[in-house]
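Here is how the chains run, residue by residue.
2 protein chains.
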Amino acid sequence: MTDFAIDPQLAQDTTLVGDLPLSRVLLMNDSRFPWLILVPRRAGLVELIDLDEAGYGTLMAEVRAAAAALRDLLAPHKLNVAALGNAVRQLHVHVIARSRDDAAWPRPVWGAGTGTPYDEAVRAAFVADLRRALPRIADG
Amino acid sequence: MTDFAIDPQLAQDTTLVGDLPLSRVLLMNDSRFPWLILVPRRAGLVELIDLDEAGYGTLMAEVRAAAAALRDLLAPHKLNVAALGNAVRQLHVHVIARSRDDAAWPRPVWGAGTGTPYDEAVRAAFVADLRRALPRIADG
Numbered sequence: 002m003t004d005f006a007i008d009p010q011l012a013q014d015t016t017l018v019g020d021l022p023l024s025r026v027l028l029m030n031d032s033r034f035p036w037l038i039l040v041p042r043r044a045g046l047v048e049l050i051d052l053d054e055a056g057y058g059t060l061m062a063e064v065r066a067a068a069a070a071l072r073d074l075l076a077p078h079k080l081n082v083a084a085l086g087n088a089v090r091q092l093h094v095h096v097i098a099r100s101r102d103d104a105a106w107p108r109p110v111w112g113a114g115t116g117t118p119y120d121e122a123v124r125a126a127f128v129a130d131l132r133r134a135l136p137r138i139a140d141g
Numbered sequence: 002m003t004d005f006a007i008d009p010q011l012a013q014d015t016t017l018v019g020d021l022p023l024s025r026v027l028l029m030n031d032s033r034f035p036w037l038i039l040v041p042r043r044a045g046l047v048e049l050i051d052l053d054e055a056g057y058g059t060l061m062a063e064v065r066a067a068a069a070a071l072r073d074l075l076a077p078h079k080l081n082v083a084a085l086g087n088a089v090r091q092l093h094v095h096v097i098a099r100s101r102d103d104a105a106w107p108r109p110v111w112g113a114g115t116g117t118p119y120d121e122a123v124r125a126a127f128v129a130d131l132r133r134a135l136p137r138i139a140d141g
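Protein chains in written order, with our numbering: chain W, 2 to 141; chain S, 2 to 141.
If you're looking for bench data, these hints aren't it; they were derived computationally from the structure. Any given hint could turn out to be false.
[Stated by the list, open to error] Once the Cα atoms are required to be at most 20 Å apart in a straight line, the calculated DMTMM-like pairs of lysine to aspartate or glutamate come out as:
| # | chain 1 | residue 1 | chain 2 | residue 2 |
| --- | --- | --- | --- | --- |
| 1 | S | Lys79 | W | Asp8 |
| 2 | W | Lys79 | S | Asp8 |
| 3 | S | Lys79 | W | Asp51 |
| 4 | W | Lys79 | W | Asp102 |
| 5 | S | Lys79 | S | Asp102 |
| 6 | S | Lys79 | W | Asp53 |
| 7 | W | Lys79 | S | Asp53 |
| 8 | W | Lys79 | S | Asp51 |
| 9 | W | Lys79 | S | Glu48 |
| 10 | W | Lys79 | W | Asp103 |
Make a model of the complete structure from these sequences and hints.
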């Protein structure tokens, strides 16, 4: 068994928010959508059902916490939660705050044109807000 | 509080598989993708985090069972699991078996052209297989 490492594509597309007990929490570098990605820090996972029952329960609780953080910070019109993995096979869960004014609404965000990078200060402030809103987060 | 009823659009697009303890399990009428939809039978839910913690845990266990059923029956290249709700706001979770040969791969299935209805006998056989593969299912 190899050590855990974030998939290179995910690493390139995101900024670290921090670690929950099981998951590394990443923020997509796309200011059009407030978009978290949770990656369980175990090597070799592809499907949600590759996790044992306890791990699955922990991940789902962390997804719930991430969704609650986005709701508390942004009061979005809708949350989107998804584990797809068609492009990047490493198990990861998207938690996205959607607005009726966003660049893809009402379509899903995947494949919706090119991302818009965050202004650095805006991103740093958002990451700080997310860290405060996420219980039990620590430096990754 | 009104009684629970399946959203009319969801009802129109699907066939009943049966009821798990919390969720009604539906099969999308689109033979291009083996595609289950789980709808918790509680009125007024929109977001996953609208469920209390126990209900959320039950729904996630049922999503796990549905994913395992599709994997056991079809050995798909990838499973896609998602709660979006941009079009139909009633809380529902998609559990979809993806193949590298399917009509949308590697893109998500939503918005991928027009559905292809099942042959009636094929659908009945698939529903019977799903009912056998899903523990604790009952007639809805």
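Inset, instruction - Run the structure past the numbered hints and jot down the numbers of the failing ones, going up. - result: Violated hints: none; all satisfied.
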